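Here's the letter readout for the chains.
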Amino acid sequence: MLEIKNLHASIDGKEILRGINLTVNAGEVHAIMGPNGSGKSTLSNIIAGRDGYDITQGEVIYKGDNLLDMPAEVRAQRGVFLAFQYPVEIPGVSNIYLLKAALNAVRKYQGLDDLDAIDFLTLVRSKLELVQMDEQFLHRGVNEGFSGGEKKRNEILQMALLEPSLAILDETDSGLDIDALKVVSEGVNALRSPERSIVMITHYQRLLDYIVPDYVHVLSNGQIVKSGDKELAKELEAKGYSWIHDTAEGQPI
Amino acid sequence: MVIYMAEQQQIDEVLASDYQAGFVTDIESDSLPPGLSEDTVRDISRIKGEPEFLLEWRLQAYRHWLTLETPEWAHVHYPEIDFQKISYYSAPKAKTDGPKSLDEVDPELLRTYEKLGVPLDERARLAGVAVDAVFDSVSVANTFQDKLAEDGIIFMPFSKAVHEHPELIKKYLGSVVSYKDNFYAALNSAVFSDGSFVYIPKGTRCPMELSTYFRINAANTGQFERTLIIADDDAYVSYLEGCTAPMRDENQLHAAVVELVAHDRAEIKYSTVQNWYPGDKNGVGGIFNFVTKRALCRGVSSKVSWTQVETGSAITWKYPSVILQGDNSVGEFYSVAVTNNMQQADTGTKMIHLGKNTSSTVIAKGISAGRSQNAYRGLIRIGPNAENARNYTECDSLLMGDQCGAHTFPYIEVKNPTAQVEHEASTSKISEDQLFYCKQRGLDTEDAVSMIVNGFCKQVMRQLPMEFAVEAQNLLGLSLEGSVG
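As given, the protein sequences belong to chains V and H, one line each in that order.
Position 19 (the first sequence) corresponds to 18 in numbering that gives the first Met the number 0; numbering is contiguous.
Position 39 (the second sequence) corresponds to 38 in numbering that gives the first Met the number 0; numbering is contiguous.
Looking at chain V on its own, in the form it has when it is part of the complex (with noise of 0.2 Å):
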């Protein structure tokens, strides 16, 4: 599905990546930790296509083609889902349309005639259910006024709809309370499947706890110096991450 060589990035003159690699295989969930700083929010957004990032070496492929070589909405049209950790506000955009493009958007990729109103509708209705929001959100402006809990559920509510094959949470649980944060989970864990594969960038090891991943790894200074499973992130838990760098520092993995 994914696999990262060797990549470096900077951004202005300043290297963030310093040769990632990391091979992300169908239905495989992984969860990327580390603390600030260290590069996660960097790699995700050089995954989903924002622009202004220098890549200086190395290669990302999605299913056999460069990655890097896709505009962001081809990455998209194509079944790569960012999941944001701020979801911007814009104003006097429906939620629904901006869903309803963004479906359209996909579909049109893949052949696909636009779906009739009626039957969208259905659609989106069956996705609300998933992350228990009111219909009324539909209606209201992309992110507008929403609480942050809110915004993270609308964000799996997008996933929801895409059905993408590769998702990025970019720290889906910050700023949860824990009601949110299981409503949210339960929502991913019933996105798992043998096609679709997840990256999970988090600070905190409580996510954990609800979406357990099959992998864990740790970014530390732009690399991975740690990769294990979810026994790892609760090693980290306990002893912080200085434990990484004490044990890591010089000897990347």
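Please keep in mind that the hints were generated in silico from the structure rather than gathered at the bench.
Predicted model only: the values in this text are computed from it and were never measured.
Do not take every clue at face value.
[What the hints assert, rightly or not] Quick list of in silico lysine to aspartate or glutamate cross-link-like pairs, EDC-like style, CA-CA up to 16 Å:
1) 99/V / 432/H
2) 280/H / 331/H
3) 99/V / 443/H
4) 201/H / 249/H
5) 457/H / 88/V
6) 457/H / 143/V
7) 150/V / 113/V
8) 201/H / 266/H
9) 107/V / 446/H
10) 150/V / 432/H
11) 179/H / 55/H
12) 107/V / 443/H
13) 414/H / 386/H
14) 428/H / 88/V
Once you've looked at the hints, dock chain H against the given chain V.
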């Protein structure tokens, strides 16, 4: 910086889209030679076979115009206009008598309107819109006159109304916009050639949308139309206006006057989608749109709303206004003004509160891109007798790129202590975050910007009649697609 450069490149690509109504109709026309004098005014009046009172009025206007200077206070710059180089009358040949039935309209003209998406045939009935089509100086087609006449509604070319309803013309012409009002109103009063006339009788709700579609075709021609709409007591009408012109290298002058009169409890909704040729991206050519639009809420509890979506013209200079004379009358102004490339707009409104408990709402959205300049200029005047007058003004600017300008010139004059006047203003940019968010959901840059801009304009767009809203949304997309800073 890296982010900015990449986005700017995308914007530039998208902004390079073409003006879609820029074709020229190849049709023979009768025109007056360029030049303006008393004889020109007499010629126009003679061609139209006008009654003496109208010629007199034109001549007074012309003589007054001679005493005036071009207004220079607006935030726009352009070379001096040589009024002697303009032809003041142009009509497609053999159509000098005004429109008859559609069968007699030159098929070339019908095709022109077809291309512009303006239905003149029976399909218009399905759309529920009656159309008056003004081509250069004359009305070439006018639909559903007979049907409307059954309800006593008059909807016809201005020049026809002069003959059939001279008493109404005499009573109302110049009653809202005097020929002394300003330079371009005086010019229009002297040389206006056609336009639309609407009268809705007492207690009548006009059963369909009325619309006039203005097209400037001939080169070196000015269009000076005059629209007069009267809603008698308890009447209601919704009127739409659309405009386009071919792409030409020379600037063309459009100096229209629109007068609306609302009697007791009457309501007039006037919507404009203005898409005059804006000139090319270096500012060559395009229409100078110098228009005076004013409504008089003459009766108690009368209401007038102006809704405009302005995407065209090299220069826009217009301030659709409402004089709130009747007690409890209501004035509204909803505007989207888009400028791109080298376009300049100085537009806004005047709300003149004279009666008691009068209220007005102004929602103005300005969108600037390219190297354009976009100014909102608004006057709220509360007269000494306007007890409990209310105004709410909201003025938002959206900037795309770093070479355009947005300006706001609010004027507030309050002479009654019971008045409440609110003014809110904001300036924003389409953020890189918004654009990336939309792209990450699969929308390309064009669609993303179009969506964000339409969201920004939503308060205004939802005031437009359904038939027009879709056209206006598409137009916004076309004129601007894609801009961030």
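Each hint tested on the structure:
With a C-alpha separation of about 20 Å, the suggested pairing of residue 99/V with residue 432/H is violated against the 16 Å cut-off. With a CA separation close to 33 Å, the supplied pair residue 280/H and residue 331/H exceeds the 16 Å bound. Of the supplied pair hints, the one linking residue 99/V and residue 443/H holds, its CA atoms being roughly 14 Å apart against a limit of 16 Å. Our distance criterion of 16 Å between C-alpha atoms is broken by residue 201/H and residue 249/H, whose separation comes to about 46 Å.
A distance of roughly 15 Å separates the Cα atoms of residue 457/H and residue 88/V; the hinted pair therefore holds under the 16 Å criterion. With a C-alpha separation of about 14 Å, the suggested pairing of residue 457/H with residue 143/V holds against the 16 Å cut-off. Straight-line distance between C-alpha atoms of residue 150/V and residue 113/V comes to about 26 Å, which puts the hinted pair past the 16 Å bound. The suggested pairing of residue 201/H with residue 266/H holds, with an alpha-carbon distance near 11 Å, which does not exceed 16 Å.
Distance hint between residue 107/V and residue 446/H is fulfilled; the C-alpha atoms sit about 14 Å from each other, no more than 16 Å. Of the supplied pair hints, the one linking residue 150/V and residue 432/H holds, its CA atoms being roughly 15 Å apart against a limit of 16 Å. The straight-line distance between the Cα atoms of residue 179/H and residue 55/H is roughly 14 Å, inside the 16 Å bound, and the hint therefore holds. Between residue 107/V and residue 443/H the alpha-carbon distance is near 12 Å, which keeps this suggested pair within the 16 Å criterion.
Straight-line distance between C-alpha atoms of residue 414/H and residue 386/H comes to about 10 Å, which keeps the hinted pair within the 16 Å bound. Taking the CA atoms of residue 428/H and residue 88/V, the gap is about 13 Å. The hint holds against a cut of 16 Å.
Hint compliance for this structure: hints 1, 2, 4 and 7 are not met, and every other hint is.
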